[in-house]
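J.: Taking the hints into account, I'd like the entire structure generated from these sequences.
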Amino acid sequence: MSEDIRKDSYEERISSLTSAEFAKALQTFCDKIEFGDAAQLNSCVHCGLCADTCHYYLASSELEALPAYKLNLVSAVFKNQHTRLGKIAPALTGAEALDADMISRWVDSLYGRCSLCGRCALNCTLGINISRLIRLARTTLASVDLVPSELQSTVSTAVDKGNNMGIPRQEWLDTLQWLDEELQQEVSDPSAHLPIDQSHTRLFYTVNPREPKFFPLSLLATAKIFYAAGESWTFSSDYYDVTNYGLFSGDDQASGVISARLRDSMHKLHANTLVLGECGHGYNANRWEAPEWLAGAYGFEAKSILEIIADYIRQGRIKLDPSRNQKRVTLHDPCNLVRLGGIIEEQRFILKRAVSDFVEMYPNREQNFCCGGGGGQLSMTRFAKRRIEAGRIKADQIRATGAKIVVAPCHNCIDQLMELNKEYKLGVEIKTVSEMVADALIIER
Amino acid sequence: MSLVLLLRLGVVLSAIYCLIALTILVARTFSFGRPPRYSKAQGSAAKGIVYAFGQGMLPWEKESAFKHLPTFFAGILYHAGIFAAVFFLITTLLLIRLPDIAILIIRLLAVIGLLSGIGLLAKRFALPYMRFISCIDDYIANILVGLLLLVTILATYYYVLQFAMMAVAITLLLYIPVGKIRHCVFFFYSRILFGAFFGRRGTLPHPSTED
Ligand code: SF4
Ligand code: SF4
Chain A
1 MSEDIRKDSY EERISSLTSA EFAKALQTFC DKIEFGDAAQ LNSCVHCGLC
51 ADTCHYYLAS SELEALPAYK LNLVSAVFKN QHTRLGKIAP ALTGAEALDA
101 DMISRWVDSL YGRCSLCGRC ALNCTLGINI SRLIRLARTT LASVDLVPSE
151 LQSTVSTAVD KGNNMGIPRQ EWLDTLQWLD EELQQEVSDP SAHLPIDQSH
201 TRLFYTVNPR EPKFFPLSLL ATAKIFYAAG ESWTFSSDYY DVTNYGLFSG
251 DDQASGVISA RLRDSMHKLH ANTLVLGECG HGYNANRWEA PEWLAGAYGF
301 EAKSILEIIA DYIRQGRIKL DPSRNQKRVT LHDPCNLVRL GGIIEEQRFI
351 LKRAVSDFVE MYPNREQNFC CGGGGGQLSM TRFAKRRIEA GRIKADQIRA
401 TGAKIVVAPC HNCIDQLMEL NKEYKLGVEI KTVSEMVADA LIIER
Chain B
1 MSLVLLLRLG VVLSAIYCLI ALTILVARTF SFGRPPRYSK AQGSAAKGIV
51 YAFGQGMLPW EKESAFKHLP TFFAGILYHA GIFAAVFFLI TTLLLIRLPD
101 IAILIIRLLA VIGLLSGIGL LAKRFALPYM RFISCIDDYI ANILVGLLLL
151 VTILATYYYV LQFAMMAVAI TLLLYIPVGK IRHCVFFFYS RILFGAFFGR
201 RGTLPHPSTE D
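Keeping their order, the protein sequence lines are chains A and B. The first sequence begins at 1 in this note's numbering and counts up by one. The second sequence begins at 1 in this note's numbering and counts up by one.
Do not rely on the hints blindly, as some may be mistaken.
[What the hints assert, rightly or not] If you want the ones that stay clear, here's a sample from chain B, every Cβ over 10 Å from chain A, calculated:
id : residue
1  : Leu-3
2  : Leu-5
3  : Val-12
4  : Ile-16
5  : Tyr-17
6  : Leu-25
7  : Tyr-38
8  : Leu-98
9  : Leu-115
10 : Leu-127
11 : Met-130
12 : Ile-140
13 : Thr-171
14 : Gly-202
15 : Leu-204
[Said to hold, decoys possible] Simulated pairs of lysine to any residue, SDA-like, Cα-Cα distance not exceeding 25 Å:
id : chain 1 : residue 1 : chain 2 : residue 2
16 : A       : Lys-87    : B       : Asn-142
17 : B       : Lys-67    : A       : Arg-261
18 : A       : Lys-32    : B       : Pro-36
19 : A       : Lys-422   : A       : Glu-360
20 : A       : Lys-404   : A       : Asp-321
21 : A       : Lys-422   : A       : Tyr-362
[Said to hold, decoys possible] Here are the computed distance ranges between Cβ atoms for each label pair:
id : chain 1 : residue 1 : chain 2 : residue 2 : range
22 : A       : Lys-422   : B       : Ile-143   : 23 to 33 Å
23 : A       : Arg-84    : B       : Arg-37    : 29 to 39 Å
24 : A       : Gln-253   : B       : Leu-94    : 54 to 64 Å
Rather than coming from a laboratory, the hints here were simulated on the basis of the structure. Just so you know, these numbers come straight off a predicted model, no measurement behind them. C-beta: ideal position from N, C-alpha, C; glycine also.
T.: Put into structure tokens, the structure is as follows:
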């Protein structure tokens, strides 16, 4: 058991779990298993080839960070419940009961040593979706209120206040008003503005609340691109948060509540396409997972802002001058957007036209290494030391490129990269794709 | 009934048991059900599955393979040896007399397979991280399969050792459904799921670049 966990009342909470709570957890675990999960929980051959696909294990060499070990933790309970040998002779196949000790190990390794990046899944000899199964265990823990409190508070804030940072509505509107003035100055057009609650627009744009709170200029950058493209778009005054930390906590119910808001706002505003701002997990959650949580197809398109910008370039709706971005640029591929989201080439298509010196880091695209900030790790401060240590792999990748700017189409990744920049003295700037595009934009009137 | 007939019958019956048990196992996984998928596919699950069994099996496609080429090839040779041994077992059961060249190839594959298996087992014993993720089942499976390869090699020299080969085969067939060798079925199952997942999301096969 790690020291990190002992520090708070977590251990107490686990040791005070009642038998009814254990039964509930087990019930949730069994109820959530789909046939594919059952097949994959039977599949691991313990070849160990996934070991160094995980940045946690690569950086720390701790055995508890091995993807196969994390998978073992989940399959142990499955085997104990659902296989004959696991019941009769558990030691033979590594079957174990879901008891307090197992729950402690689940918390320590499945919350504390995994960013749900899916890299192990992509490289597993058999193709086992390890990260999905780890999330299944998180869902089990969430059912008995065992989500680490910091992550739970992010989810609860989003559920209670409408966005994960608890930004009051007025503050959001004030920020937009201020950005209106900035945009007008930037494009020298007093009629330019950031539309709010407009109905029947083509696009309904959503952002990570970190943007209005800490990085309003990245929001301005996208507004400038929309302006240049002559786009019909809107924000909502109420629900604009693209994030959904239920994806990471494992709480499907909260995930559904949060994603229903964007779906309902789309219907309310009669917009055509839900545009997901530069947020990796926000893309995965809203593009792929939300329809499953909501048990219904959207009935509208959900697209990444990168797809929209790439289309503007293809259609000649915006013009870029790459010479305005002279410094060497490299690209970080957010796991939830790229490997798990399928948005792989758009950002490259855009950057090759927006900057004059673009270099890939290695490995890249679907084989990228996680920066370490995903999976709710940025929220779970108790595991911060491990997060920064695991981020060394990404820091090494960045350093090897010699780039001066790291572009990351994800505000979670940006937060982690900023910390890595400081910790590993990388001396780079970190920007979004929209910011690079906005800097290269040729505004034509 | 002679011993050889008894063993032959034993192999057939244990093979039938093995097939039925594996079928039940697969049917039980299906009993977990699956809700329909509501998100709109971006890529193609079918193309993903084709990738999973084609290009996706090539060593340079998977980091776990190209960073561990000796293990990757040992795994392939180990399985090639197993298939050769199974083939020899079937021909022995059916009283088919193989030409010398075929026996030579089977022997060669079984020898290489056995050496690979020993290498993989040694790796499992020697490396702390391998020991950490292993359970007793992993060792039993490896030893049983190794034994089958060994007796197959010997049986290719001394026909009388077919008894030993069949006895080991019976043990192995009885063990398959309960231990990790059940991956002989779940491998295909998992690769299909893998291909469908990444294919549907448009991650695999690799999307083409525009420049
Ligand atoms: S999902 Fe990512 S962080 Fe989690 S075990 Fe796999 S590689 Fe490691
Ligand atoms: S690569 Fe896959 S099969 Fe091999 S140990 Fe890892 S999870 Fe298990």
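J.: Next step is simple, just say for each hint if it's right about the structure.
T.: Now the hints, each set against the structure:
no., hint, in the structure
1, Leu-3, "holds, 30 Å"
2, Leu-5, "holds, 31 Å"
3, Val-12, "holds, 23 Å"
4, Ile-16, "holds, 19 Å"
5, Tyr-17, "holds, 14 Å"
6, Leu-25, "violated, 7 Å"
7, Tyr-38, "violated, 4 Å"
8, Leu-98, "holds, 31 Å"
9, Leu-115, "holds, 18 Å"
10, Leu-127, "violated, 7 Å"
11, Met-130, "violated, 5 Å"
12, Ile-140, "violated, 8 Å"
13, Thr-171, "holds, 15 Å"
14, Gly-202, "violated, 3 Å"
15, Leu-204, "violated, 7 Å"
16, Lys-87/A with Asn-142/B, "holds, 22 Å"
17, Lys-67/B with Arg-261/A, "violated, 45 Å"
18, Lys-32/A with Pro-36/B, "holds, 14 Å"
19, Lys-422/A with Glu-360/A, "holds, 22 Å"
20, Lys-404/A with Asp-321/A, "holds, 19 Å"
21, Lys-422/A with Tyr-362/A, "holds, 21 Å"
22, Lys-422/A with Ile-143/B: 23 to 33 Å, "violated, 52 Å"
23, Arg-84/A with Arg-37/B: 29 to 39 Å, "holds, 31 Å"
24, Gln-253/A with Leu-94/B: 54 to 64 Å, "holds, 58 Å"
Violated hints, in rising order: 6, 7, 10, 11, 12, 14, 15, 17, 22; the structure is consistent with all others.
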